[in-house]
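J.: Spelled out, the chains give:
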Amino acid sequence: ETGVTQTPRHLVMGMTNKKSLKCEQHLGHNAMYWYKQSAKKPLELMFVYNFKEQTENNSVPSRFSPECPNSSHLFLHLHTLQPEDSALYLCASSQDRSGSRFLYFGPGTRLTVL
Amino acid sequence: DQQVKQNSPSLSVQEGRISILNCDYTNSMFDYFLWYKKYPAEGPTFLISISSIKDKNEDGRFTVFLNKSAKHLSLHIVPSQPGDSAVYFCAALWPGNQFYFGTGTSLTVIP
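Keeping their order, the protein sequence lines are chains H and P. Numbering-wise, the numbering used here puts 64 at position 64 of the first sequence, and it's gapless, one number per residue. Numbering-wise, the numbering used here puts 22 at position 22 of the second sequence, and it's gapless, one number per residue.
Worth flagging that the hints you see were computed from the coordinates, not collected in a lab. Check each hint, because a few of them may be wrong.
Unchecked claim - List time: in silico DMTMM-like cross-link candidates among lysine to aspartate or glutamate, alpha-carbon distance up to 20 Å:
1. H:41 with P:15
2. H:40 with P:24
3. P:37 with H:44
4. P:5 with H:44
5. P:37 with P:84
6. H:41 with P:24
7. H:40 with P:42
Using the sequences plus the hints, can you model the full thing?
T.: In structure tokens, the structure reads:
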């Protein structure tokens, strides 16, 4: 595997379910990000991890819970989501948080909340 | 408030002609600008960038122009090819490396 991978690629869940999104980067980067892409909206930054430490949380509801066990893996745990949370969730990585001008994105997980 | 705006959600261009995608920003503190390209079922990939100290950067068929006084960025693709059909995102970067993205423009190149 190369680049940034995400699983699953598609997820349908009910509002009472608990699920997790997984991201893995094979680029040796130290910063990882979760973005949300909704229709007709800009990409919204949700969380940033730099050297496994969470450095940013952009006022994301607590029903989204990130986890970064090491610099290569990032998870987004989901519980009691709302239909308006349906979106494309993109993981990205960069060399580190402060010095890099380039983000490398994964293919995304298309989430549908029923 | 949206700091990076792409006011055209879609654009159709004939193959071989020029495609011009536009982007406006509001904050003069942005010092670096990027274009990302996204195919369906794939993540955005970096296409071309420009520093705020320049007004033009060219890479093959792709040229990005920056007009700082107008806070306007444009991407020119010439000649356009069917494989260029994708969604193009404009992004602007704070000195502290916070990325701000536009809403994207869906380009269709008609063979």
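J.: State for each hint whether it applies.
T.: Right, here's what the structure says about each hint:
no. : hint           : result
1   : H:41 with P:15 : 28 Å, violated
2   : H:40 with P:24 : 16 Å, holds
3   : P:37 with H:44 : 17 Å, holds
4   : P:5 with H:44  : 14 Å, holds
5   : P:37 with P:84 : 9 Å, holds
6   : H:41 with P:24 : 15 Å, holds
7   : H:40 with P:42 : 18 Å, holds
The structure is inconsistent with hint 1 alone, although it conforms to all the rest.
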